[in-house]
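Required output: the full structure, derived from the provided sequences and hints.
Below, each chain spelled out in residue letters.
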Amino acid sequence: MTASITVEGLEVVFDRFRALKGVSLEVSEGESYGLVGESGSGKSTLLRAITGLAPVSAGTVTVNGKTLGKTRDKAFYREVQMVFQDPYGSLHPRQTVDRLLQEPLAIHGIADGEKRIERALDEVGLGKGFRFRYAHQLSGGQRQRVAIARALILEPSILLLDEPTSALDASVQAEVLNLLEEVRRRRKLTFLMVSHDLAIITHMCERLMVMQNGEAVETLTASQLIGHRVSEDYTRNLLRASEGFVRA
Amino acid sequence: MTASVVLSRREWLLSDRPASRLQARLGRAYVAWRRFSANRLALIGMLIIIALLVVAAFADVLTPYSPTVGDLKNARLLPPGAAHWFGTDDLGRDIYSRVVYGARWTLYVVILVAIIAAPIGLLVGTIAGYAGGWTDTILMRITDIFLAFPKLVLALAFVAALGPGIENAVLAIAITSWPPYARIARAETLTVRNSDYIKAVQLMGASPFRIVLRHIMPLCISSLIIRVTLDMAGIILTAAGLGFLGLGAQPPLPEWGAMIASGRRFILDQWWVAAAPGAAILIVSLGFNLLGDGLRDALDPRSGDQ
Numbered sequence: 001m002t003a004s005i006t007v008e009g010l011e012v013v014f015d016r017f018r019a020l021k022g023v024s025l026e027v028s029e030g031e032s033y034g035l036v037g038e039s040g041s042g043k044s045t046l047l048r049a050i051t052g053l054a055p056v057s058a059g060t061v062t063v064n065g066k067t068l069g070k071t072r073d074k075a076f077y078r079e080v081q082m083v084f085q086d087p088y089g090s091l092h093p094r095q096t097v098d099r100l101l102q103e104p105l106a107i108h109g110i111a112d113g114e115k116r117i118e119r120a121l122d123e124v125g126l127g128k129g130f131r132f133r134y135a136h137q138l139s140g141g142q143r144q145r146v147a148i149a150r151a152l153i154l155e156p157s158i159l160l161l162d163e164p165t166s167a168l169d170a171s172v173q174a175e176v177l178n179l180l181e182e183v184r185r186r187r188k189l190t191f192l193m194v195s196h197d198l199a200i201i202t203h204m205c206e207r208l209m210v211m212q213n214g215e216a217v218e219t220l221t222a223s224q225l226i227g228h229r230v231s232e233d234y235t236r237n238l239l240r241a242s243e244g245f246v247r248a
Numbered sequence: 001m002t003a004s005v006v007l008s009r010r011e012w013l014l015s016d017r018p019a020s021r022l023q024a025r026l027g028r029a030y031v032a033w034r035r036f037s038a039n040r041l042a043l044i045g046m047l048i049i050i051a052l053l054v055v056a057a058f059a060d061v062l063t064p065y066s067p068t069v070g071d072l073k074n075a076r077l078l079p080p081g082a083a084h085w086f087g088t089d090d091l092g093r094d095i096y097s098r099v100v101y102g103a104r105w106t107l108y109v110v111i112l113v114a115i116i117a118a119p120i121g122l123l124v125g126t127i128a129g130y131a132g133g134w135t136d137t138i139l140m141r142i143t144d145i146f147l148a149f150p151k152l153v154l155a156l157a158f159v160a161a162l163g164p165g166i167e168n169a170v171l172a173i174a175i176t177s178w179p180p181y182a183r184i185a186r187a188e189t190l191t192v193r194n195s196d197y198i199k200a201v202q203l204m205g206a207s208p209f210r211i212v213l214r215h216i217m218p219l220c221i222s223s224l225i226i227r228v229t230l231d232m233a234g235i236i237l238t239a240a241g242l243g244f245l246g247l248g249a250q251p252p253l254p255e256w257g258a259m260i261a262s263g264r265r266f267i268l269d270q271w272w273v274a275a276a277p278g279a280a281i282l283i284v285s286l287g288f289n290l291l292g293d294g295l296r297d298a299l300d301p302r303s304g305d306q
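As you go down the protein sequences, you meet chains P and Z in turn.
Throughout the first sequence, residue numbering follows my numbering, covering 1 to 248 in sequence.
Throughout the second sequence, residue numbering follows my numbering, covering 1 to 306 in sequence.
No lab work stands behind these hints, which were simulated from the structure alone.
Here a beta-carbon is modelled for each residue, glycine too, at the ideal position from N, C-alpha and C.
You may find that some hints are simply not true.
[As the list claims (entries may be wrong)] Mimicking EDC-like on lysine to aspartate or glutamate, the simulated pairs with C-alpha atoms at most 16 Å apart in a straight line are: (1) K115/P x E155/P; (2) K199/Z x D86/P; (3) K128/P x E114/P; (4) K66/P x E29/P; (5) K128/P x D98/P; (6) K128/P x D16/Z.
[Unchecked claim] Sample of chain P residues lacking proximity to chain Z, with all beta carbon distances greater than 10 Å (derived): (7) R16; (8) P55; (9) S57; (10) G65; (11) K66; (12) G69; (13) D112; (14) E155; (15) V172; (16) V183; (17) D197; (18) T202; (19) A241.
[To be verified] Which chain P residues face chain Z? A few, computed with CB under 7 Å, are given here: (20) T51; (21) K74; (22) Y77; (23) G129; (24) F132.
Have a look at this one:
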């Protein structure tokens, strides 16, 4: 198995705050990898650092065998796309779905736009009826589907998911997660998924990394997490916290 | 029968699932129009501006006399009457005709200033806001320098340097009126530049130029349109002020400010010479202000659904 994403000793510093303190991880091709931790543990920052949205001060990121420099080129964005946490904030308020989906195609000079847009909307379970709507005419789940369609339209091989369902209510959450599963299977995508919900991570991911205060605590497989075969106290606490919530 | 047709057209416009780009756009415009037309004062303002446009377009048909050639022998300083509705001035010219032709010059000034100043302000503001850092500092300090001068005084200085005339007055007013637009555009840009939807476009590999032009500017435009419309009254007054001081339109151009200036010599005995253009300035300024207020209610990006 070849590595899709390799991160080594990644450091991110905002002003003087070290948001990431030398984190390393390796995601294989076609794998679904989870990042878990409390808020502020640096999991979203890690995703943003990979995409170039957060300032990297040390360490390297390698995607599909290419080590990335300070800036990302267009080819990188055709390989890696991201779905944001809040579907209410990630769609431009003055653009129709059509316009949103056209933008990446225009930037990359892709010709068969019409067909791609229709296919992308079909793929995420939105029909043609949604094509000319504005964001405010869509529900939260529909918005997140549009965001997923936008990420998929460039046909990337890696999808970064930043808590893609935490802003949605439970039934819609399941729909969106199933959609993501299906898309991954069909397109053989690599997922790197952030969540604070252990149930979602064990459902979606094969391996995961627990993070705290910008550092990796430990790396587990999903079955280890389910069987509570963990070695760090922090992970144990995290597990207990999530279960306590269920029983109460 | 007709009622049902009208109803279905409205339903088509307000549809939740538009079937084409055109329908989506028209529906949006229709919602804005409904909000605008609910405001009666705004409609009055719009009627005034439409009347101004009509008067300017058909000035030739609407005027019985020439605006520049008067009857010095028989018609000097006649009071308002049947032959001369607004009276005549000291050169025997019909004031009604001059006011009507003056609408053209007023529109000329207002439109030119708007299409010079608004894009400059928009560009400077959005670039400063999006780029941040040094670019922001330099651009905004230049803006501050322009803002530090009183508008009319700075315009006076420019006209004095460029030479009197209506074109130079337009240029001078444009140069002095862009800084507030830059401020607005920058403030608006700062509120959206860190939003996820701009980040999402960055993640598609869009160039900063494209992001500013196609994603940030459209969000700034509505507040800019509102501000420009509200400023139009001020632009007219500044143009009139320059005309009044003899630095704007030159005789015999029938510009309202210059007309008031020439009427000031006999304002006590022949009040109508200054009153007619003064009233015209008042009404048009009021029209632009009412329109601007209405647009603010209809287009404000912070109100309700965007």
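Do the hints match the structure? See the list:
Between K115/P and E155/P the CA atoms are separated by roughly 14 Å; this keeps the pair inside 16 Å, and the hint holds. Of the pairs offered as hints, the one joining K199/Z and D86/P holds, with about 12 Å between alpha carbons and a cut-off of 16 Å not exceeded. Simply put, K128/P and E114/P have alpha-carbon atoms about 11 Å apart, close enough for the 16 Å limit, and the pair holds. Proposed proximity of K66/P and E29/P is supported: the alpha carbons are some 14 Å apart, at most 16 Å.
The suggested pairing of K128/P with D98/P holds, with an alpha-carbon distance near 10 Å, which does not exceed 16 Å. Distance hint between K128/P and D16/Z is fulfilled; the C-alpha atoms sit about 13 Å from each other, no more than 16 Å. For R16/P, the non-interface assignment is confirmed: its Cβ lies about 18 Å from the closest Cβ of chain Z, beyond the 10 Å cut-off. No Cβ of chain Z approaches the Cβ of P55/P within 10 Å, the least distance being about 13 Å, so the stated non-interface status holds.
With a cut of 10 Å on Cβ distances, S57/P stays outside the contact zone with chain Z, its closest approach being about 18 Å. The claim that G65/P lies off the interface holds: its Cβ sits roughly 20 Å from the closest Cβ of chain Z, which is beyond the 10 Å cut-off. Consistency note on K66/P: stated as away from chain Z, and its beta-carbon is indeed over 10 Å from all of that chain's, at 15 Å minimum. Listed as outside the interface, G69/P is consistent with that label: its C-beta sits roughly 15 Å from the nearest C-beta of chain Z, beyond the 10 Å cut-off.
Even its closest Cβ contact with chain Z, about 17 Å, leaves D112/P beyond 10 Å, as expected for a residue assigned away from the interface. The non-interface label for E155/P is consistent with chain Z: the shortest C-beta to C-beta separation is roughly 13 Å, beyond 10 Å. Every CB of chain Z lies more than 10 Å from the CB of V172/P, the least distance being 19 Å, so the non-interface label holds. No beta-carbon of chain Z comes within 10 Å of the beta-carbon of V183/P; the shortest separation is about 18 Å.
Every Cβ of chain Z is farther than 10 Å from the Cβ of D197/P; the closest lies at roughly 20 Å, confirming the non-interface assignment. Separation of T202/P from chain Z is adequate, the least Cβ-Cβ distance of about 27 Å exceeding the 10 Å criterion. Its beta-carbon lying about 28 Å from the closest one in chain Z, A241/P satisfies the requirement of being farther than 10 Å from that chain. Among the interface hints, the one on T51/P holds; its C-beta lies about 6 Å from the nearest C-beta in chain Z, closer than the 7 Å criterion.
Using the Cβ-Cβ criterion of 7 Å, the hint placing K74/P at the interface with chain Z is satisfied: the shortest such distance is roughly 4 Å. Against a cut-off of 7 Å between C-beta atoms, the interface hint on Y77/P holds, since the closest Cβ of chain Z lies about 4 Å away. A hinted interface residue such as G129/P counts as satisfied when its beta carbon comes closer than 7 Å to some beta carbon of chain Z; here the least separation is about 4 Å, so the hint holds. Annotation: F132/P was flagged as interfacial toward chain Z, and the flag holds, the nearest CB pair being 4 Å apart, inside 7 Å.
Of the hints listed earlier, there is not a single one the structure fails to meet.
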